[in-house]
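Assemble the whole structure, with the sequences as input and the hints as a guide.
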Amino acid sequence: MYDVIIIGAGVCGAAIARELSRYQVKICVLEKDEDVCCGTSKANSAIVHAGYDAVTGSLKAKLNVRGNEKMGELAKELDFPFERNGSLVLCLSEEEMPGLQALYDRGIANGVKELRILNREEVLQMEPNVTDQVYAALYAPTAGIVCPFGLNIALAENAYANGVEFQFNTEVTEIHKSEEGYELQTGKGVFHARYVVNAAGVYADKFHNMVSDKKIHITARRGDYCLLDKEAGSHVRKTIFALPGKLGKGILVTPTVHGNLLIGPTAVNVEDKEGINTTAEGLSQVLEKAGMSVKNIPTRQVITSFAGLRAHEDGNDFIIGEVEDAKGFIDCAGIESPGIASCPAIGEMAAGLLKEKMGLKEKDNFISTRQGIKNPSLLSMEERNALIKENPAYGNIICRCEMVTEGEIIDAIRRPLGARSLDGVKRRTRAGMGRCQSGFCSPRTMEILARECNMNMFDITKSGGDSKLVVGTNKDTV
Numbered sequence: 000m001y002d003v004i005i006i007g008a009g010v011c012g013a014a015i016a017r018e019l020s021r022y023q024v025k026i027c028v029l030e031k032d033e034d035v036c037c038g039t040s041k042a043n044s045a046i047v048h049a050g051y052d053a054v055t056g057s058l059k060a061k062l063n064v065r066g067n068e069k070m071g072e073l074a075k076e077l078d079f080p081f082e083r084n085g086s087l088v089l090c091l092s093e094e095e096m097p098g099l100q101a102l103y104d105r106g107i108a109n110g111v112k113e114l115r116i117l118n119r120e121e122v123l124q125m126e127p128n129v130t131d132q133v134y135a136a137l138y139a140p141t142a143g144i145v146c147p148f149g150l151n152i153a154l155a156e157n158a159y160a161n162g163v164e165f166q167f168n169t170e171v172t173e174i175h176k177s178e179e180g181y182e183l184q185t186g187k188g189v190f191h192a193r194y195v196v197n198a199a200g201v202y203a204d205k206f207h208n209m210v211s212d213k214k215i216h217i218t219a220r221r222g223d224y225c226l227l228d229k230e231a232g233s234h235v236r237k238t239i240f241a242l243p244g245k246l247g248k249g250i251l252v253t254p255t256v257h258g259n260l261l262i263g264p265t266a267v268n269v270e271d272k273e274g275i276n277t278t279a280e281g282l283s284q285v286l287e288k289a290g291m292s293v294k295n296i297p298t299r300q301v302i303t304s305f306a307g308l309r310a311h312e313d314g315n316d317f318i319i320g321e322v323e324d325a326k327g328f329i330d331c332a333g334i335e336s337p338g339i340a341s342c343p344a345i346g347e348m349a350a351g352l353l354k355e356k357m358g359l360k361e362k363d364n365f366i367s368t369r370q371g372i373k374n375p376s377l378l379s380m381e382e383r384n385a386l387i388k389e390n391p392a393y394g395n396i397i398c399r400c401e402m403v404t405e406g407e408i409i410d411a412i413r414r415p416l417g418a419r420s421l422d423g424v425k426r427r428t429r430a431g432m433g434r435c436q437s438g439f440c441s442p443r444t445m446e447i448l449a450r451e452c453n454m455n456m457f458d459i460t461k462s463g464g465d466s467k468l469v470v471g472t473n474k475d476t477v
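The sequence shown begins at 0 in numbering that gives the first Met the number 0 and counts up one residue at a time.
Errors might be hidden in some of the hints.
As a list, the in silico PhoX-like pairs of lysine-lysine whose alpha-carbon atoms are at most 25 Å apart [claimed, not checked]: (1) Lys-187 - Lys-205; (2) Lys-25 - Lys-354; (3) Lys-356 - Lys-214; (4) Lys-326 - Lys-356; (5) Lys-25 - Lys-326; (6) Lys-326 - Lys-360; (7) Lys-288 - Lys-229; (8) Lys-75 - Lys-362; (9) Lys-214 - Lys-326; (10) Lys-373 - Lys-461; (11) Lys-112 - Lys-69; (12) Lys-362 - Lys-69.
Because the hints were derived from the structure by calculation, they are not lab data.
In C-alpha cells, the structure reads:
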C-alpha cells in the first residue's frame, strides 16, 4: 500500500514526485515506458514561456508565470541547462498591431515582468536575421530555453534520492476504487494506493474516465520539428514567434541550450496517441513558415527531424485538482504548452493539494540539490587533466560530434535511475545527438551499456520494448 501513486514519469509526474518527496509519505511513480521522459516531455520546443499568451485567470496563465519565476532557482538546485534568452513575437504590418497590443495587455494582466513593444529598428538591432517585413515585436526578457531531458531527469533523480520509488515498463491497464483508496492493475500486478495522481499526458483522459462519470477528452496534437547543426545555432539569439493563431503559437525559431537551432512545430490533430511520425507535408510547412519570420535560415544544416504530441483537452486549460466524483484521485491533465515552463508550479500546486488533504508533515532530511553528469569540456584544462588522471575514462571520447566521453556515459548508466538504452544515454549525455546522429558512436555506446549492465548486445535497445538493434540467432558470438 502506497500513500500516493503517480501515473507518468514525464516532467509533471516527476515535478509532483519531487515536491511530494519533501514530506513523510510513501510514493511510487508508475511509467509504461522504459525510462523517464519518454512521452511529450522528450519532444517539444524546450521553451520556458514568459506567460503572455494564456488567457488571463486560467491555470495556464497562473502556473506559467509562477513556473517561469521558479525555473532559474530550480536549475541551480538540480543542475540542468537553462538560459533566459528572451523572446520576440513578430508583427509584420500595422494592421496586426491590435493583436500584438492585446498580447502585451494580456501579459501585463498575467503578471509578466519587463514586457515591451519594440519598433522595427529596435527589433532589427536586436535580431538582424528576422524578416525584413517586421513592423514591431513584443519583447519578453523573462522567456527562456531549457533542456527538457535534463529538467525531467533532474526532477526524477532528486525525487528518487528523497525516497520515491519508480517502476518502469509498468503500464496501468485498469483502475478500481477500493475501501482504502484505489487498485491499479498493471502488467506487473496490482498496486494499491490511498491517493492517485494522474499525470499520464495524452492518456490522462483514459484514466480520468475510468473513475469518473464526468468525462474529459484529450486530443493528441502532433508537432513536427527540424533541428539544425550547431553551425546554425547563432542565427538568432532570442526565441522568435509569429503572432499566435487558433491552434497555438505557430512556427517558432529558437536557439537551444546546447547550441543548435530548432524550428517548428506544426499543429495536427491525430487519432493515434503514439503517432510521432513526421510527414513530408509537415516538415515542408515548418521550413516554409519559419522562413516567414526569419530570413536566410541555413536549411542545409538540418541534421534531424522529429515529432512530438501535445495533450490538448477540449476545455483548452490545464486540469489540476481532485476529481469531484472520485475522491482521492488527482488529475494533472491537459498539460500542453506552456507545460514545460509550468511544471515547477504544477508540482508545487499538486503537492500542496495532497499535503492539505493528507495532513502531511515535512521531512527533516529533504535533499534539495542534485549534481548532474560531470562534463569535462566545461572544465579548465588543469581541472580536466586532473579528472582524466583520476579516471582515464574521461579522456576517452566516444561521441566525436558532441565530445562525450566514456566517463560521462558510465556515469549516465550508474547514477540513480540510470540509462538502460541508447536513447537513455543520449538524453543524459547527448551522445548521438550531433551531426552524424549516432552513426559513429552507437556501437561503442552499446558495448559500454552491455558491459556496465551485464547485458548481451542482442538485448540492447534503442528505446526499450522491441527496439533491439542487433538481430541474429547466435547470441554467443556478440
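Hints and how they fare:
1. For the given pair, Lys-187 sits about 19 Å from Lys-205 by alpha-carbon distance, which is consistent with the 25 Å threshold.
2. For the given pair, Lys-25 sits about 13 Å from Lys-354 by alpha-carbon distance, which is consistent with the 25 Å threshold.
3. As the CA atoms of Lys-356 and Lys-214 are separated by approximately 24 Å, the hinted pair is consistent with the 25 Å bound.
4. Taking the CA atoms of Lys-326 and Lys-356, the gap is about 10 Å. The hint holds against a cut of 25 Å.
5. Restraint check for Lys-25 and Lys-326: satisfied, since their Cα atoms lie roughly 19 Å apart, inside the 25 Å limit.
6. Annotation: proposed proximity of Lys-326 to Lys-360 holds, straight-line Cα distance about 21 Å (limit 25 Å).
7. With a C-alpha separation of about 21 Å, the suggested pair Lys-288 and Lys-229 falls inside the 25 Å cut-off, and the hint holds.
8. Note on Lys-75 and Lys-362: the hinted pairing holds, with a Cα-Cα distance of about 22 Å set against a maximum of 25 Å.
9. Between Lys-214 and Lys-326 the CA atoms are separated by roughly 15 Å; this keeps the pair inside 25 Å, and the hint holds.
10. Using a Cα cut-off of 25 Å, the hinted pair Lys-373 and Lys-461 holds, with the two alpha carbons roughly 24 Å apart.
11. The hinted pair formed by Lys-112 and Lys-69 meets the criterion: a straight-line CA distance of about 14 Å does not exceed 25 Å.
12. Restraint check for Lys-362 and Lys-69: the C-alpha separation of about 21 Å stays at or below 25 Å, so the hint holds.
This entry satisfies every hint, going by the numbered hints stated previously.
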